[in-house]
Amino acid sequence: MNFEEQLEEGLALLHEGDYDHALDISHQLQKMEPESADGYHLEGMVFQKLNQWEKSIDALDKAVELEDQNSGYHNLRGFANLQLENLDLAIEDFEKAIDLDDSPAAHRNKVLHMIMTDKGNKAIEYLLNRIKQNPKDVENWILMGDLMQRAGQGAKARTYYEQASKMDPENEYVKKQLEEM
Numbered sequence: 000m001n002f003e004e005q006l007e008e009g010l011a012l013l014h015e016g017d018y019d020h021a022l023d024i025s026h027q028l029q030k031m032e033p034e035s036a037d038g039y040h041l042e043g044m045v046f047q048k049l050n051q052w053e054k055s056i057d058a059l060d061k062a063v064e065l066e067d068q069n070s071g072y073h074n075l076r077g078f079a080n081l082q083l084e085n086l087d088l089a090i091e092d093f094e095k096a097i098d099l100d101d102s103p104a105a106h107r108n109k110v111l112h113m114i115m116t117d118k119g120n121k122a123i124e125y126l127l128n129r130i131k132q133n134p135k136d137v138e139n140w141i142l143m144g145d146l147m148q149r150a151g152q153g154a155k156a157r158t159y160y161e162q163a164s165k166m167d168p169e170n171e172y173v174k175k176q177l178e179e180m
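Residue numbering for the sequence shown follows numbering that gives the first Met the number 0, starting at 0 and increasing by one per position.
Treat the hints as calculated values from the structure; they're not laboratory data.
Among these hints, one or two may not hold up.
Claimed, not checked - Below 25 Å or equal to it, Euclidean Cα-Cα: the simulated SDA-like pairs (lysine to any residue) are:
1. K174 - M147
2. K155 - Y172
3. K135 - E84
4. K118 - P103
5. K48 - D60
6. K165 - R149
7. K135 - S70
8. K118 - E94
9. K135 - I97
10. K30 - E53
11. K135 - L86
On a predicted model such as this, the values are computed, not experimentally measured, just so you know.
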C-alpha cells in the first residue's frame, strides 16, 4: 500500500473509532515519509479523540514544524491547548489559522476561547458578526444556539437551532436540541 492509500485507511479507521489501528498507521506513515506532516497530523487527531491533549500537541507540533502554513494543524493544536487551559497558546494558534485562510473552525474556537476567558458578551458579538458575514455556515448558528441555551435564553436558542435545521435538516445534534426544548 502506498503512502496516500495508507493515509486514507488511517483516516477511515479514525472516523470508525478504531483508534489503535489509526495510531499504528500514523506511525507507519511517519516512518515512510518523515518529512510529511500527514502522519503527525493523523497521530494528533487520534490523541484528540482519546482526550490525550499533551500527546496531541506533541504530534501537532511536529506537523506544524513540517508544514506551518496549514491552518488545520494550528486550529487542532489550539483546541488541544484550550482543553489544557493553555489559553495564550490556544489563541495564538486560532489567530494563526484565521490569518492563514480565515478558517471557520478557528473562528468558532476563538469564540470558545472568549467564553473560557470570561468574555461571553464579546463572544456573542463576535459570533453574530460571523453569522452576518457567512450566513450559510450552519455551525455558527448551532454554536449561537448553544450559547443562548447556556445563558438561559431558550426561546432565542430555539430560533438559532431552527435556522440551523432549515440549513441542515439531517443534523442529528440540532434535531436532539430541538426535541429537548
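State the violated hints by number, sorted upward, taking the hints as numbered earlier in the document. The structure breaks hints 3 and 11; every other hint is satisfied.
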